[in-house]
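Asker: Protein chains in written order, with my numbering: chain E, 1 to 936; chain D, 1 to 417.
None of these hints come from the bench; they were simulated from the model.
Here a beta-carbon is modelled for each residue, glycine too, at the ideal position from N, C-alpha and C.
Warning: the hint list may mix true and false statements.
Quick list of simulated restraints, FRET-style, between CB atoms [as the list claims (entries may be wrong)]:
no., chain 1, residue 1, chain 2, residue 2, range
1, E, D558, D, N244, 35 to 45 angstroms
2, E, K90, D, Y394, 43 to 53 angstroms
3, D, N256, E, R233, 42 to 52 angstroms
4, E, D550, D, D367, 21 to 31 angstroms
5, D, F222, E, K280, 17 to 27 angstroms
6, D, R288, E, D365, 26 to 36 angstroms
7, E, D550, D, V23, 35 to 45 angstroms
8, E, D558, D, T292, 25 to 35 angstroms
9, D, V269, E, R233, 35 to 45 angstroms
10, E, Q350, D, T330, 50 to 60 angstroms
11, E, E510, D, P52, 50 to 60 angstroms
For reference, the chains in residue letters:
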Amino acid sequence: MKEKPFHHRGEIFELKAELNSDKKDKKKEAVKKVIASMTVGKDVSSLFPDVINCMQTENLELKKLVYLYLMNYAKTQPDMAILAVNTFVKDCEDPNPLIRALAVRTMGCIRVDKITEYLCEPLRKCLKDEDPYVRKTAAVCVAKLHDINSQLVEDQGFLESLREILSDSNPMVVANAVASLSEIHKTSPNPTGVFDMNSGTVNKLLTALNECTEWGQIFILDAIAEYQPVSDREAQSIVERVTPRLSHANAAVVLSAVKVLMQMMEIIKNDQIIDQLSRKLAPTLVTLLSSEPEIQYVSLRNINLIVQKRPEILRNEIKAFFVKYNDPIYVKLEKLDIMIRLSTSSNIAQVLAELKEYATEVDVDFVRKSVRAIGRCAIKVEQAAEKCVSTLIDLIQTKVNYVVQEAVVVIRDIFRKYPNKYESIISTLCENLDSLDEPDAKASMIWIVGEYAERIDNADELLQSFLDGFHDETTQVQLQLLTAIVKLFLKRPADTQDLVQSVLSLVTQESDNPDLRDRGYIYWRLLSTDPAAAKEVVLAEKPLIAEETDLLEPTLLDELMCHISTLASVYHKPPSSFVEGNSPIRKLPIPRESTTSSDNTDAAENQVQTQQQPAAAAPAQPTVISTPQESAVAMDLLGDLASFDSTPSTTANDMYAPNVQPAGSSVIDLLSGTLDSLQMGGNTAGNQSGGLSSLSDMFSTGTSTFSEPKVVWLSAAQGKGLEISGTFSLRQNVVHMDMTFTNNAMQAMGGFAIQFNKNSFGLVPAAQLEVRSPLPPRQSADSSLQLKPLGAILKMDPLNKLQIAIKNSIDVFYFDVLIPYHVLFVEDGKLESREFLTQWKEIPNNSERSFDINNVPASSDAIENKLKMSNVFTVAKRNVDGQNMHYMSLKFTNNILVLAELKIQSGNPTLKLALKSSIAEVLPGVYQAFELILHS
Amino acid sequence: MIHSLFILNKNCEVFFEKHWKSVVSRSVCDHFLEALNQASSPDDVPTAIGAPRHILINIYRNKLFFIAVVQGEVPPLFVIEFLHRVVDTITDYFSSCTELTIKDNSVVVFEILEEMLDNGYPLATELNVLKELIKPPSIVRNVMNTVTGSTNVGGQLPTGQLSNVPWRKVGVKYTNNEVYFDFVEELDVIIDKTGTTVFAEVNGAIKCQCKLSGMPDLVMTFTNPRMFDDLSFHPCIRYRRWENERVVSFVPPDGNFQLLSYRLGTNSVVAIPVYVKPTISFQGSSGRFEITVGPKQTMGKVVENVAISMTVPKVVSNVVLSNNPEGNFTYDPVSKTMRWEIGKVMHQKISTIRGSMPLQSGASAPDSNPTILVEFKVNQLAISNIKVNRLDIYGEKYKAFKGVKYITKAGKFQVRT
């Protein structure tokens, strides 16, 4: 073993000697040996000086070999690398374009800071070189340099040079400039303006598209996909010129073209063109499936998005997704998913026959998913439900354990969708009771027994048998068992009293699980006080289960549509969730915004608004703890519980997820303590909860400005069960974001994290997001996050828009909120009166805006106080003709100063407000803030 | 874009690495090995694997894993297509792409890879261009180099690099000008238990061997050009002319290349040259099978190299034949795969194989029946019925020999039992 390093050392020694040989051939062979060592990962960095010595040569092969070596090791020997600079600079002047290009290319690969200064001049020359080969190499070199020193590239004006050569006569040069600019745009700390697309640029790119290499076509298409055409017509002309790329032999070109076309379809209004385009896209997408499995897989992941967005494109191509016996497993699973999405009443017979075939395959994962797929078909296509059910029954008869379990789970969903239709099969299910050993299947079976207790003669025996092993079950099964027994009791009270008694004492006395205990107590109290109400709650009619399941959330889908052909489309996750970068959320729709206002963002905004409106209209929406009404806790919990029991379809999937984590943190115990006392008397419960909310009130007293009530930012439907409501406030001169996280899903959530997109005020979280984790189902937690205005700034429209991404153990969610302006006013915003005067004069009059504020009945002192509470300070006052003139000042967190003149006429509820600031864009917002503060 | 490339052999050892940006430690491959461990076979390894700072995109070819290390958001198909190109290039240079050839030519491979990417962006991937930059090694050239002191590295800018036909170099000269087109059609079929065709699709490709001097401009016309459902073109084909006139017009690359590929979809009727009729049943501790193979729609041609293979369920302990079928029969007890090579299937010739499959003691009958994979080849037949009408050469004065050949093969041809 010891010999090896020694041997290696000997080898190095030998190579050293050969490198220093006088014979040219020997030298070359030696460098080759060095390179060969590199290819197997051996460290030959110690030979650096010797290899460098071989650099001055006329032999091109030797030169190239030395350059190869340099690129690998320059970083470890920066001082030695400098020695090479002269040769590079000289080579950049060589008459042979190949050598000029080689020199500038290699120089860019030497990632040593010192070398960059020497690189600038040669690079500038090469960007203007007469030979396109040199220019195209230089274009890539700019990106390399940017990677080493972005400031230098910007200072030296290389970005402009790159943008200039977008109009180069040679398409290959254009393509490389595009690639280079795109990369810089992606990695730059301030990407605005790096690569703005307008119709002119797009036109140039489209011209180059036909002529350049396949790889160049990918870069150009990806760049065009970032562009938002200004008109229907422009979109059509892009479509016309991109469509031929669908016939390219390179699958990457094809998929990038698909991305552009899908984007344009969003803009084009003409149905006929959309239809034509759909008919062109279909065969292309299908052809991708006859390539190598890895290309198939990437294509399938993208097709999965496309069929969710526009199912009509592939409606007639379902056969292309039939699974082949020797497809790799990842291809099989993906095809299956798409088959379900494409199934309709007209093709369901074929689909079902296929699924039945798959359900007898060898691979367990695939078989399970096939069984599940049959269930999904039944739910989606009503005409086929009966056939699906009989297929499932056939499969259950095979007695293959995992097939039976999977079938039971999907049959539960079928019962939910078509109540009172297929109950005749319950007896078959009951026969297989003993073979169930997975929590999902057990829970589903118990649900079925409970739901149809009146039709199953021995329901009590069945449930009793489950109850015997109660302690060994998972929480999911325990919860389900509790509910099922309560249902049974309500349906057959006469002979099941013992059973319900024993389950209630089991869960309340012997269980450590707070969820279980809570539910037990609630049932208990409900049953003991008002059995009729209990019946109404527990046996309430359940909302129908949705047809399509496993759909991506629409906003995420729209975002992913912009990322077709990229890794995001393979992961079905936004790039920010897996790409490491300095500003992770950057690739949200912002680049499009900076060009034109896009339909997409408009839609997103509308969504935010519609999200907020209902919440604002009904501020008493249940956020369990903070409503201090008497016994609200109990009522709300019950309300939640009812909906819990009748799991709405959106969360039905969650039942497949691993079971609920027992969360034993002290906070929860405290809560269930509350519930204990609730058991004793309702009044205390009300007080308790009042106490809790006053506790949270305590936070918001002190030197804080007023804050609006929380509104729902992220609805449970969009957040896959996570609901976030929140508001902003200013406390101790720090902007706080106060949020309530409510877990409406059926599984615990954890791993919360938050990120902001760049915003107008540069707000970033000052600390980690702290939310109780795991957050058990049906629980909410408050969290307050301090913000600081130290982040990167990007002007948003409207100015106070903040794009937030919240991550939890389930997914990443995006939403926009509007920051109320007044929380951004800082404490030291008061000016001296003299200063106020000079400032007022300095600001040009065209930066002045006047507003009326209606319906403010308060006196001028009250108004002054109110405003002062929100850090709007009165500098001076005077009384002119019965009008009170208030001169006020305020300052934003980012030091923007705003001066105000407020005219108050006693008896007149309308105030006149004049605002002035050197940055006039903020004024409408400040006016909004005044409105808010004065009407609060 | 692409940071690094690692090539692993079947023992999962990295035996070649190339970095286009800074050096990435080979320990990044551990994430791949982890994924490989979880997969049931090398073919089942997911295409994109996440590692803490990188993403690994891999392909599995010739029992070698090619792993591209990328950072940030990249189009995965771009990476995959590039990896395919690497394999093709190495194969073309050294006529095979194995661990041995790569190791033996590591420096040349290293040089080639350096030319193919710059900073992770493709630079020169056309074989014609590459071969001008780095000449493929040959014994004659090696001798020449030693004598004349010249090198394998081209000193001049490749002519194709920047022309508007980058795929073709100038100054090509042949004494005998000839061009051959092979229409290779693969038949993907799924046939169910009852003998009904569930799915059938023809995937065709026109492979071309071009030995023409100068800058010839070719035009190929078909007798029935409207039958394709979809086409993918080599960049040399002029798309507009195809759209407008349905003719394939192009300046061909020199040497071997694939001109275009086409697909006849699931919605058209596809003739199937052979039929396979299996009967497989399990009863008690043993199973029986009988498989009959015969000609179907052969269009008067002989179906050659007919073979079927079937992986029997795991619980089968052995396969015993009860008749003496023609052709060759083998059974591999390790992979539990039986293979029957029948050879030619002609008019009115029906072959049958019969036998039993005793189960392992105590095992119950398997849940599912195996699927049969079918292979065959039909010469001088394009199952799609596609036919070249004529081929014209413009731009050059010489007369060239032109040849067209058709061949139909089984692709993924599966019969469920």
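Asker: Now tell me, hint by hint, if it's right for this structure.
Answerer: Now the hints, each set against the structure:
Hint check: E:D558 to D:N244, Cβ distance near 36 angstroms, so the stated range 35 to 45 angstroms holds. At roughly 47 angstroms, the beta carbons of E:K90 and D:Y394 sit within the given window of 43 to 53 angstroms. Checked against the given bound of 42 to 52 angstroms, the beta carbons of D:N256 and E:R233, roughly 44 angstroms apart, stay inside it. Taking 21 to 31 angstroms as the suggested C-beta distance range, the pair E:D550 and D:D367 conforms, at roughly 26 angstroms.
Between D:F222 and E:K280 the beta carbons are some 21 angstroms apart, a value that agrees with the proposed interval 17 to 27 angstroms. A hinted range of 26 to 36 angstroms for the beta carbons of D:R288 and E:D365 is consistent with their spacing of about 31 angstroms. Judged by the Cβ atoms, the range 35 to 45 angstroms given for E:D550 and D:V23 holds: they are separated by roughly 42 angstroms. Look at E:D558 against D:T292: about 54 angstroms separates their beta carbons, and that is not inside 25 to 35 angstroms.
Taking the beta carbon of each, D:V269 and E:R233 are about 41 angstroms apart, inside 35 to 45 angstroms as hinted. Checked against the hint of 50 to 60 angstroms, the pair E:Q350 and D:T330 fails, with Cβ atoms roughly 36 angstroms apart. Range check, E:E510 to D:P52: about 44 angstroms between beta-carbon atoms, so the 50 to 60 angstroms window is missed.
Hints 8, 10, 11, counting from the list given before, are not met by this structure.
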